[in-house]
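Trainee: Please work from the sequences and hints to get the whole structure.
2 protein chains.
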Amino acid sequence: MADHNQRSDTIVRKLRENGHKITPQRLAIIKILAKSEGHPSVEDIHEQIRADFPTMSLATVYRNIVLLKSLGEVLELGFPDGSNRYDGNKPAPHPHVICIRCKKIVDPVLDSLDEMKKEVALETDFKILNHRLDFFGICSSCMAGKG
Amino acid sequence: MADHNQRSDTIVRKLRENGHKITPQRLAIIKILAKSEGHPSVEDIHEQIRADFPTMSLATVYRNIVLLKSLGEVLELGFPDGSNRYDGNKPAPHPHVICIRCKKIVDPVLDSLDEMKKEVALETDFKILNHRLDFFGICSSCMAGKG
DNA sequence: TGTTAAATGGAAATTATTATCACTTGATAT
DNA sequence: ATATCAAGTGATAATAATTTCCATTTAACA
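Chains as they are written, first to last, in the working numbering: chain A, 1 to 147; chain B, 1 to 147.
Treat the hints as calculated values from the structure; they're not laboratory data.
The structure displayed is predicted, hence computed values, not measured ones.
One or more of the hints may lead you astray.
Treat identical chains as interchangeable: a pair holds within one or across any two.
For lysine-lysine, the following DSS-like pairs were computed, each having C-alpha atoms within a straight-line distance of at most 27 Å [as the list claims (entries may be wrong)]:
#1 K103 / K127
#2 K31 / K127
#3 K31 / K21
#4 K104 / K127
Mentor: Here it is, written out as structure tokens:
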């Protein structure tokens with residue numbers, strides 16, 4: 001929780017530094033993204049905030065996500081089915097392991113990824129700026145039939 | 001070229017095995033996907049075929065791609081900007097290196113990926129079925145300012 | 001050839017996202 | 001504190017990509 005507050009503050013600071021206002025709507029969005037519990041979708045965020053902010057517009061959620069993406073403070077996770085979910089807690093690209101049954105997302109630690117990045121740069125002669133690595137499968141709990 | 005014919009034949013055979021008809025439109029789509037030069041988009045495919053098949057409908061291209069995806073004969077490459085491109089030549093998941101400037105796509109050889117897959121399965125206790133690995137950057141030719 | 005289920009073309013429907021615009025408000029200077 | 005004003009918001013319209021619908025056509029097989 002302290003972690004999330006800290007993360008919110010970082011995002012707020014970054015926004016101020018870039019001359020953006022902090023509105024209540026924006027702050028509510030930031031708080032959810034700073035936690036990013038379960039990697040929320042735009043709809044998830046919208047619904048959560050609507051509970052105590054009934055006039056919150058979907059457009060505002062979209063606008064703020066675009067802004068935060070452009071500042072590098074949220075990571076967009078685009079899924080093969082076209083849906084998008086967001087991570088404002090760990091906005092740097094990192095691998096995901098996704099359960100295709102219950103949609104749970106786990107962040108594995110893969111030390112070998114940096115090495116691989118170098119390998120790719122060397123082999124292809126590209127300047128690598130960014131990457132995306134997702135594994136899809138079934139989590140142990142779904143495999144046990146608990147899902 | 002012989003390669004591409006062979007690949008087309010494989011796809012056609014798979015379709016017949018599953019009780020699908022081979023129409024001229026379908027075959028034209030298959031031929032382009034079997035080659036997958038430059039990883040075509042739906043629009044690319046549609047335009048190429050329109051040249052000598054003016055009534056070809058966009059819906060038909062979409063329908064056939066859905067079908068071929070479901071049979072595991074084309075791989076959909078979904079990009080962060082929401083656009084999709086397709087690979088019917090190498091339909092198994094494989095890493096891509098994408099130039100964000102000229103949109104060129106290179107398929108690097110990464111032997112360590114299998115190893116990583118095992119590592120992830122072990123660490124997360126998931127049964128890994130599928131994956132997606134893309135690197136984004138600038139190719140050497142664009143870096144040299146030729147783009 | 002005749003039959004029939006599958007495929008097609010064209011248009012309408014759907015979905016996710018972005019743009020528009022009149023109105024409101026947070027941040028700054030006074 | 002209050003006035004000012006650029007930035008932000010809400011509601012809705014517009015856009016874009018994809019899917020569905022339906023009447024017509026056609027590939028496959030008897």
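Trainee: Can you give the numbers of the hints that this structure goes against, from lowest to highest?
Mentor: Violated hint: only 2; rest satisfied.
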